[in-house]
Each structure stands twice: as structure tokens, then as C-alpha cells.
Amino acid sequence: NAGVTQTPKFQVLKTGQSMTLQCAQDMNHNSMYWYRQDPGMGLRLIYYSASEGTTDKGEVPNGYNVSRLNKREFSLRLESAAPSQTSVYFCASSEGGQKYQPQHFGDGTRLSIL
Amino acid sequence: AQKVTQAQTEISVVEKEDVTLDCVYETRDTTYYLFWYKQPPSGELVFLIRRNSFDEQNEISGRYSWNFQKSTSSFNFTITASQVVDSAVYFCALSEAVLGNQFYFGTGTSLTVIP
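Sequence order for the protein chains is A and B.
The first sequence begins at 7 in our numbering and counts up one residue at a time.
The second sequence begins at 16 in our numbering and counts up one residue at a time.
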């Protein structure tokens, strides 16, 4: 019953450091997503992967890169962290190809950039 | 332009009161899907309900009910006899069948139920 697993749950970085957030799902979903959540702004899509082997930019992709390693795993990388990237990051997955399918979310990663 | 608008940023009610959370959406697609998610203080996002654009029947699930009105592009969520455990941030979201590849989330409504 793991669903969507994100690691780590918390992280503090210094400006300029790099970091990869990991996400894995065990529901055999085709599509995976990375969001950031900031106060008063809801969830904003960073990148998504409609299916294994494809990735596309979302609303706020600058400063991030992603890798769809396989069907299960979708990682988010900050190459040079900036204080503006302090946020809570959520990974989600859905069956994909079917727009009516709800997204299932991980528990989030709380990231602070000093 | 915001595709999903949740104009109520914060709402406080006293336990057992009814409360309605508003959601207004914007889309040119003829087929679309609307969702509500709950985010309790623990932080996880929990899927509550989905509604298809071609099904305007209202839905009731226990103390929760949803009113979908295409004429006003609204998908409002009512909690009857609110309880402290209902305290959370609630998000409305839109998925378009043809025109978009994304979920569009509103900015959320923070509901506090006071005992």
C-alpha cells in the first residue's frame, strides 16, 4: 500500500548546492508529475512525464531538471539551489492517457534553501 | 488567466455549522473533469471526488456534497455539520480532455473548524 513514495521528507540546502528529489510509485501508473506548493499559490506544476521516456515542462520549470528513470521512478533535480526554490515539493502519479483519472500524491518533501 | 479560482482564502466556522467552499473554473474544452482534494495539517493530499463535465448530477457522500453547475462554471463543495477533523486546506482542480495535459489547481481554501 505504499502508493507514491518521496525521499527525503525534509532537506536544508545552502544556496548553490545541488540536490535530487526522488519519487517512486508502485501503482503501475503511466504518468508522473512534480509540483511545488507555496503559500497562497496552490500547487504549481514543474514538470510532468506523460509516459516512460517522455518529459514536458509545466508552469514553473526554470531551475529544475527531471529524469523519468523507468516507469516507477521520476526524479527532480535542482542543479544550483536558490532561496526562491524553498518550497514543499509533491510528486504525483496517475494512470495517464485518461484525463479523468485522479492524481495520487506522495507525502511531500519540505525543502529549505538558505 | 487562472483556470481554477477559489476566491475564499480562509474560512472559519464553529463545529456543527454547514460550510460551502466555492470553486469556479474556466475552460474551452467541451469535455473536462473536476476534482476536489483535501490537505489536512499532516500535509498529504487526499483525493475526494471527481465529476465529469457531462454529468451535472449533484453528489452526496455522508456529510459531503458537491454542486456542479455548468451554467455558472462552478463546482462547489459543502460540508454539513462540520467537525474539527474537517479542518484542512481544500483544493479544486480541473483536467481538460483535449486541450490540456495538466491538472490545474486552485489556490486552495483553508478551513478551520472551531470546537
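Hints are computed from structural coordinates only; laboratory data are not their basis.
A few of these clues could be false.
To be verified - With a Cα cut of at most 25 Å, we get these calculated PhoX-like pairs of lysine-lysine:
id, chain 1, residue 1, chain 2, residue 2
1, A, Lys15, A, Lys63
2, B, Lys31, B, Lys85
3, B, Lys85, B, Lys53
4, A, Lys63, B, Lys85
5, A, Lys15, B, Lys85
6, A, Lys20, A, Lys77
Is the Cα-Cα distance between Lys63(A) and Lys85(B) 25 Å or less? 30 Å, violated
Taken at face value, is the distance from the CA of Lys63(A) to the CA of Lys15(A) at most 25 Å? 24 Å, holds
Tell me if the straight-line CA distance from Lys15(A) to Lys85(B) falls inside 25 Å. 40 Å, violated
What's the verdict on Lys31(B) and Lys85(B), does the C-alpha distance respect the 25 Å limit or exceed it? 30 Å, violated
Please verify whether Lys85(B) and Lys53(B) have alpha carbons no more than 25 Å apart. Cα-Cα ~23 Å, so holds.
Taken at face value, is the distance from the CA of Lys77(A) to the CA of Lys20(A) at most 25 Å? Violated, because 32 Å separates the two Cα atoms, which is more than 25 Å.
Checked against the numbered hints listed earlier, the structure breaks hints 2, 4, 5 and 6; every other hint is satisfied.
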